[in-house]
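Start from chain A and add chain B according to the hints.
Those sequence lines, one after another, are chains A and B. Everything in the first sequence is counted per UniProt numbering, starting at 1 for the first residue and increasing by one. Everything in the second sequence is counted per UniProt numbering, starting at 1 for the first residue and increasing by one.
Heads up, a few of these hints could be off.
To be verified - Each computed DSS-like pair below joins lysine-lysine, with the alpha-carbon atoms no more than 27 Å apart: (1) Lys210(A) x Lys191(A); (2) Lys60(B) x Lys136(A); (3) Lys136(A) x Lys64(B); (4) Lys199(B) x Lys180(B).
Unchecked claim - Not everything, but these chain B residues come out facing chain A in the computed CB check (under 10 Å): (5) Pro133; (6) Ile163; (7) Pro169; (8) Val206; (9) Ile210; (10) Arg214; (11) Arg215; (12) Leu221; (13) Ala222; (14) Ser225; (15) Arg226; (16) Cys227; (17) Tyr228; (18) Arg236; (19) Glu239; (20) Lys243.
Keep in mind the hints are simulated off the structure, nothing from the lab. Ideal Cβ positions, reconstructed from N, Cα and C, are used throughout, including at glycine.
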Amino acid sequence: MSLIEISGVDFLYQNENSNRPALQNINLQIEAGDFAVIIGSNGSGKSTLAKLLNVLLTPSTGEIFVDGLNTNNPDNTWKIRQKVGMVFQNPDNQLVASMVEDDVAFGPENLGIPSQEIRQRVDKSLEMVGMSGFQKFAPHKLSGGQKQRVAIAGVIAMEPDCIVLDEPTAMLDPQGRKEVMETVEYLNKEKGITVVHITHFMEEAVDADKVIVMNQGEILHKGTPKTIFRLVKQLKEINLDIPVAVEVAEYLRQENINIPDILSIDELVEALC
Amino acid sequence: MLKDITIGQYIARDSIIHALDARIKIMITTILIIALFTIDTFMGFGLFTAFVLGVILLSKISIKKVLKGLKPILILVLFTLFIHIFLTNGGEVLWSWKFISIESEGVYIGFFMVSRIFILILFTSLLTLTTSPLQLTDGIEYILSPLKRFGVPASELSMMMTIALRFIPTLLEEADKIMKAQQARGADFESGNLIQRAKSLIPLLVPLFISAFRRADDLALAMESRCYRGGEGRTRLHELEYKYYDFVALGMIIILAAAVSFY
Chain A
1 MSLIEISGVD FLYQNENSNR PALQNINLQI EAGDFAVIIG SNGSGKSTLA
51 KLLNVLLTPS TGEIFVDGLN TNNPDNTWKI RQKVGMVFQN PDNQLVASMV
101 EDDVAFGPEN LGIPSQEIRQ RVDKSLEMVG MSGFQKFAPH KLSGGQKQRV
151 AIAGVIAMEP DCIVLDEPTA MLDPQGRKEV METVEYLNKE KGITVVHITH
201 FMEEAVDADK VIVMNQGEIL HKGTPKTIFR LVKQLKEINL DIPVAVEVAE
251 YLRQENINIP DILSIDELVE ALC
Chain B
1 MLKDITIGQY IARDSIIHAL DARIKIMITT ILIIALFTID TFMGFGLFTA
51 FVLGVILLSK ISIKKVLKGL KPILILVLFT LFIHIFLTNG GEVLWSWKFI
101 SIESEGVYIG FFMVSRIFIL ILFTSLLTLT TSPLQLTDGI EYILSPLKRF
151 GVPASELSMM MTIALRFIPT LLEEADKIMK AQQARGADFE SGNLIQRAKS
201 LIPLLVPLFI SAFRRADDLA LAMESRCYRG GEGRTRLHEL EYKYYDFVAL
251 GMIIILAAAV SFY
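Just chain A, same shape as in the assembly (with noise of 0.2 Å):
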């Protein structure tokens, strides 16, 4: 069984006045260590998604089971959030005390881990995202990326088996992407953390394992990112920012020059030279 499985799932968003729903008929497997990103433009549903995963919500109809366990069922709650992490968008609003290390320590010590062991745990996740030595500081004195990373090691400390990031660089600069997406990368790859990737940025899908697109609150293609690049027509059509290098690539093949499948420039470079 997969580590999440989501079948059928529709979710209607029950205080507002539009009868679309905000997802509907979503079908997905998410395996363990898989490093799966969802792209979509505003509105696609991708964030209703991010919070069924987490339990924030629940699906109108249809199912999620988290490693085998049941969303719908009230009593699984606390422990699929255990499982589950997740990481939101605005890093001001996320972040709880007026401590790294005290932030970082909220999680487990909702969780009841005895004091010792968050102490571990704590300095642990903060050397993972790279954040060691910022134990004591206050989190308005930290850049962007910084405070993304330490909601990130907020996460990490209540051992999860999967980290769910709801766009969590869209409010950042380049240089606190680039941090929070080497944090993530790094996270998967070396730690074997299953990482659902949520983003309306095209460039941070290059190295996914698995890549969906949304649009509508329906899934609209699944696939590896080169499958996925390749709809270039399909993917403008939903209003996706196409990565300058792929965009390039598809002109070229329409003027009947053959060029193979590329994510980024310098492949295209490699390719063209």
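Just chain B now, with coordinates in the frame of chain A:
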């Protein structure tokens, strides 16, 4: 301008005052507040201030920084002073004009109250300057926890305070930003009489409140996703532990306070 407020702004230093247990510091502060209200001579205030200055020296925080935190209460202090000077009667009349008169008793009580407020704020701000917000709220939680039996949500209260303290700098920064944005569009926060000025704050307060509510929403989600479910079953990274010097300090303060009140 908004950055000057130091209340709730912890300054980390390596000092004996910082090392004291938060519960002890809260108790000491409470005892001294009571003692302060039993003092009824300027001489007593002088000695008390000398004591507070001594504590500030021990805490290794520069006096300038502590005094900076007092600026915002200046208005309150002046207000108290004038109310007493003009409205308290008694003693000989120093000056009078129609129905307004300044009498010696009023001047005396005015300055008396002002000294009291000043020392009070000076001393209590020292508590928040030398105790990290988390220790402080932990301390309050410990002190309140006997009341849990009567339904006082001690741990929830301390969580609320932690969050409030965490967001003070964030919201101040945001207020500063909104202020600048509104000024860039021609808003005037500095001229006009009191009522006009209060009115001109509306374009600052409305966006600030809206964003604070949005932040609260986001934060609630983030806390829930990190398994927060109230104070029950929570453990702590820093367990509070009494050390020998905590009791030494508490003992000294109790003796001091007793001496002051019986004197």
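Hint check:
1. Lys210(A) x Lys191(A): Judged against 27 Å, a Cα distance of about 18 Å means the pair holds.
2. Lys60(B) x Lys136(A): 18 Å, holds
3. Lys136(A) x Lys64(B): 24 Å, holds
4. Lys199(B) x Lys180(B): Distance ~17 Å between Lys199(B) and Lys180(B) Cα, so the pair holds.
5. Pro133: Because about 5 Å separates Pro133(B) from the closest Cβ in chain A, which is inside the 10 Å limit, the hint holds.
6. Ile163: Holds, because the Cβ-Cβ distance from Ile163(B) to chain A comes to roughly 6 Å (cut-off 10 Å).
7. Pro169: For Pro169(B), the interface hint holds, since the closest Cβ of chain A sits about 5 Å away, which is under 10 Å.
8. Val206: Violated, about 19 Å.
9. Ile210: 14 Å, violated
10. Arg214: 8 Å, holds
11. Arg215: Holds - the Cβ of Arg215(B) comes within 10 Å of chain A, reaching about 5 Å at its closest.
12. Leu221: Status holds, d = 6 Å.
13. Ala222: 4 Å, holds
14. Ser225: Result: holds, 4 Å to nearest chain A Cβ.
15. Arg226: 4 Å, holds
16. Cys227: Result: holds, 4 Å to nearest chain A Cβ.
17. Tyr228: With a closest approach of 5 Å, the Tyr228(B) hint holds.
18. Arg236: Holds. Min distance 6 Å.
19. Glu239: With a closest approach of 5 Å, the Glu239(B) hint holds.
20. Lys243: For Lys243(B), the interface hint is violated, since the closest Cβ of chain A sits about 17 Å away, which is over 10 Å.
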